[in-house]
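What follows is the residue order along each chain.
2 protein chains.
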Amino acid sequence: MDIKIADRMAHINPSAIREMLKVTAMPNVISFAAGGPSPEEFPSKELAYLAGKIFETDSYTALQYSITEGYGPLREITKNRIKRKFNIGRDFDDLIIVSGGQQVISLTTQCLVNEGDIVICENPSFVGALNTFRAFNARLIGVPMDENGMDINALEQILKAEKKVKLIYTIPTFQNPTGVTMPLKHRKQLIELADKYDVMILEDDPYYELRYSGENVPTLKSLDETGRVIYAGSYSKTISPGMRIGYACAHKDLIAKMTVAKQTQDVHTNAMFMMIVAQYIEQYDFDSHIRECCEHYKAKRDFMLNKIAEKLSDHLKYTKPEGGLFIWCEMPRGYSGIEFCKFAASRGVVCVPGTTFDVEENKDNNCFRLNFTIPSTDQIDKGIDVLADCIKGFKQ
Amino acid sequence: MDIKIADRMAHINPSAIREMLKVTAMPNVISFAAGGPSPEEFPSKELAYLAGKIFETDSYTALQYSITEGYGPLREITKNRIKRKFNIGRDFDDLIIVSGGQQVISLTTQCLVNEGDIVICENPSFVGALNTFRAFNARLIGVPMDENGMDINALEQILKAEKKVKLIYTIPTFQNPTGVTMPLKHRKQLIELADKYDVMILEDDPYYELRYSGENVPTLKSLDETGRVIYAGSYSKTISPGMRIGYACAHKDLIAKMTVAKQTQDVHTNAMFMMIVAQYIEQYDFDSHIRECCEHYKAKRDFMLNKIAEKLSDHLKYTKPEGGLFIWCEMPRGYSGIEFCKFAASRGVVCVPGTTFDVEENKDNNCFRLNFTIPSTDQIDKGIDVLADCIKGFKQ
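Order-wise, the sequence lines are chains A and B.
Number 112 in the working numbering belongs to position 112 of the first sequence; there are no gaps in the numbering.
Number 51 in the working numbering belongs to position 51 of the second sequence; there are no gaps in the numbering.
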């Protein structure tokens with residue numbers, strides 16, 4: 001039979017990344033397509049020990065229904081940690097534990113954005129967020145990116161011209177896909193504009209603690225004195241993505257509504273892993289674990305940047321991120337990112353074409369994204385050689 | 001600041017059950033309000049052993065990003081099991097692992113129901129489903145229930161009169177909250193009507209295997225030869241609800257869209273527990289575990305029904321379910337379920353008022369729901385005594 005799909009979902013297609021990831025399961029393929037932490041950095045032994053302990057001492061709490069807001073101790077530990085380290089959270093704020101940072105995007109949109117409302121995004125941006133806004137029939141407007149993130153002047157022009165803007169979505173630190181970080185001055189301007197035009201801001205911040213050089217820049221949420229910023233945090237990049245544990249810190253009225261919305265999605269997040277994460281942070285040196293991750297990823301970032309400088313820099317422009325997971329490559333105009341990625345994949349190296357992250361899904365997008373945290377230095381070495389060969393032999 | 005909530009969420013309030021559950025954490029309170037399995041039946045030791053093994057041998061798969069469709073072996077095991085045992089699944093069907101049965105309701109609505117479309121529900125029905133339909137701005141129409149479930153004639157009248165019906169939502173077996181099971185004849189009529197009026201059916205079936213007396217009735221999905229039925233299955237009642245593992249079996253075109261929708265909600269379900277459930281079903285005698293649960297719950301159901309017959313039957317009507325978790329009590333007209341439940345709670349016994357499950361959220365609803373799987377027989381004994389005292393002393 002012919003299934004009649006709702007309008008909101010009719011034109012949304014599977015993410016090219018997730019489709020690409022299926023290809024990368026093939027042997028000998030070098031993948032620069034993923035977006036996760038290196039499995040070498042999973043604290044498996046500690047998590048295994050804690051899981052065993054919890055099964056022994058409190059399996060009831062781990063296996064029975066839990067409350068939607070999340071496991072109490074994890075909420076408290078997370079609140080205290082982000083307050084102490086990043087000055088996130090005011091008296092008007094509250095925090096909910098969710099099933100990965102993606103769910104913050106979904107719950108925020110469900111609670112704030114009516115069909116036909118405008119969501120302003122960086123262009124390019126994270127496809128998982130773009131598809132969520134599309135899935136709620138929001139209208140997307142992209143703001144061009146430069147080396148300072150979202151172009152603040154272009155943003156103001158949009159806010160001046162459009163009356164139905166409900167939300168600005170940004171990844172201000174080590175942006176996905178570009179790796180770019182918005183400087184403090186621009187962050188302050190962004191918040192001023194949101195105040196002036198009475199628009200909410202969704203700050204998606206999964207990479208903040210993965211900084212390999214330069215100085216920390218305050219999060220937007222730490223600058224938020226009115227409750228206008230929804231902060232999406234995650235333990236996916238610093239502990240493990242497979243467990244699906246993230247959190248939202250936002251105005252308490254909004255968190256109350258997001259709690260009701262979460263009841264309609266999945267009732268609550270996996271109880272055992274909420275307990276494991278709480279105890280992991282409490283009983284181990286989480287900061288030292290993150291420092292170890294950063295040393296590892298810094299070495300790989302430096303290696304990939306050096307290799308790109310040596311082999312690819314004559315052929316394309318690329319970003320030099322101070323942290324996060326990604327380097328963004330821009331080929332000359334007229335080059336197709338999609339065709340290039342297909343060509344590279346046929347030679348055994350997988351990257352994600354820029355079209356994937358393009359707010360307009362522009363097929364002529366001339367960019368692609370590289371991940372450096374998961375491949376080994378040996379794979380980076382060989383993979384960039386292949387990409388260099390590809391770009392030389394690549395006919396437009 | 002004043003947060004402007006989207007229209008779809010503006011009028012949805014937290015579930016009264018979940019609010020009640022907070023009260024039940026008080027000492028000495030007897031709760032008939034929950035909706036889960038008894039913690040005594042959690043196979044904790046087996047799950048603990050499997051978790052340890054997986055951390056040891058395949059922590060990579062358990063902790064890294066997984067694919068949205070779900071862990072391959074769990075999909076296969078689930079497909080095979082429901083085909084073999086219940087004849088569910090045809091060539092046109094596919095299956096996705098989700099974060100609890102609730103997510104099937106959410107993904108189905110997201111993929112099928114436009115704002116303003118009509119969803120037909122049993123009245124009363126599961127509040128988590130009703131709130132999901134409300135959260136997508138669907139229009140709800142309730143069909144009265146009798147001892148055979150949804151009144152099929154009333155259903156046909158609605159289908160005749162209303163042109164925008166997209167979905168019929170039903171819990172045909174041991175319905176929540178009434179405990180009633182729809183007979184085969186009515187199931188066939190329901191599918192015929194859905195065919196005639198070209199409407200989809202969402203069969204929510206978390207209790208099917210918890211049968212304590214009577215004969216199995218074929219699921220709607222097993223009667224579905226066209227792909228019109230979406231089957232929502234769950235491991236929450238037979239293994240553990242805290243882990244949040246369920247599944248949807250539906251037409252493959254719809255499963256493909258639900259997969260994209262799931263990417264926007266939580267990317268994928270907790271990977272470790274997808275693996276644990278797969279290995280639990282493969283390596284242990286799951287059917288025998290379910291038989292043990294059924295013996296336990298049968299004893300409690302019988303105990304509660306006898307106690308109600310003895311103490312409450314002069315004051316109210318009640319259902320005699322052949323399985324599941326719930327007994328539904330209907331007081332005389334003019335009695336308020338909400339006021340009665342408040343009165344009982346003040347005396348230390350918590351039940352859920354019928355208003356919670358009422359499609360119209362009618363405050364005059366004269367019913368309440370009792371759970372018999374979680375309280376001990378001693379608690380059932382004392383709790384029903386208190387309810388009997390309450391109903392005698394209860395002034396309207």
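You may find that some hints are simply not true.
A pair holds if it fits inside one copy or across any two, identical chains being indistinguishable in the list.
Straight-line alpha carbon distances no greater than 25 Å define the calculated BS3-like cross-link-like pairs of lysine-lysine that follow [unchecked claim]:
#1 K4 to K160
#2 K311 to K166
#3 K83 to K363
#4 K163 to K4
#5 K382 to K392
#6 K392 to K163
#7 K45 to K166
#8 K4 to K166
#9 K392 to K298
#10 K45 to K83
#11 K188 to K83
#12 K85 to K4
#13 K45 to K163
#14 K4 to K188
#15 K363 to K392
#16 K83 to K163
It should be emphasised that the hints constitute simulated quantities derived from the structure, not laboratory data.
Do the hints match the structure? See the list:
Taking the shortest alpha-carbon separations for K4 and K160, only the inter-copy value of 20 Å comes in at or below 25 Å, while the best intra-copy value is 38 Å. For a Cα distance limit of 25 Å, the shortest separation of K311 from K166 qualifies neither inside one copy, at 44 Å, nor across copies, at 57 Å. Neither within a single protomer nor between protomers do K83 and K363 lie at most 25 Å apart by alpha-carbon distance, with minima of 43 Å and 42 Å respectively. Taking the shortest alpha-carbon separations for K163 and K4, only the inter-copy value of 15 Å comes in at or below 25 Å, while the best intra-copy value is 33 Å.
For a Cα distance limit of 25 Å, the shortest separation of K382 from K392 inside one copy, 16 Å, qualifies, whereas the shortest one across copies, 82 Å, does not. With identical chains, the CA atoms of K392 and K163 are never at most 25 Å apart, being 47 Å at best within one copy and 60 Å at best between copies. Taking the closest pair of Cα atoms, K45 and K166 never come within 25 Å of each other, the shortest separation being 44 Å inside a single copy and 49 Å across copies. Taking CA atoms no more than 25 Å apart as the test, K4 paired with K166 passes between copies only; the shortest distance there is 9 Å, against 29 Å inside one copy.
In this assembly of identical chains, the alpha carbons of K392 and K298 never lie at most 25 Å apart, being 29 Å within a copy and 73 Å across copies at closest. Taking identical chains as interchangeable, the C-alpha atoms of K45 and K83 are never at most 25 Å apart, the minima being 28 Å within one chain and 38 Å between chains. For the homomeric pair K188 and K83, the shortest alpha-carbon distance inside one copy (19 Å) is at most 25 Å, but the shortest distance between copies (58 Å) is not. When the C-alpha separation of K85 and K4 is checked against a cutoff of 25 Å, the pair qualifies neither within a copy, at 49 Å, nor between copies, at 30 Å.
For the homomeric pair K45 and K163, neither the shortest alpha-carbon distance inside one copy (53 Å) nor that between copies (58 Å) is at most 25 Å. Taking identical chains as interchangeable, the C-alpha atoms of K4 and K188 lie at most 25 Å apart only when they sit on different chains, with a minimum of 23 Å there against 46 Å within one chain. In this assembly of identical chains, K363 and K392 lie within 25 Å of each other by CA distance solely inside one copy; the values are 21 Å within and 73 Å between copies. When the C-alpha separation of K83 and K163 is checked against a cutoff of 25 Å, the pair qualifies neither within a copy, at 34 Å, nor between copies, at 53 Å.
The earlier numbered hints that this structure contradicts are 2, 3, 6, 7, 9, 10, 12, 13, 16.
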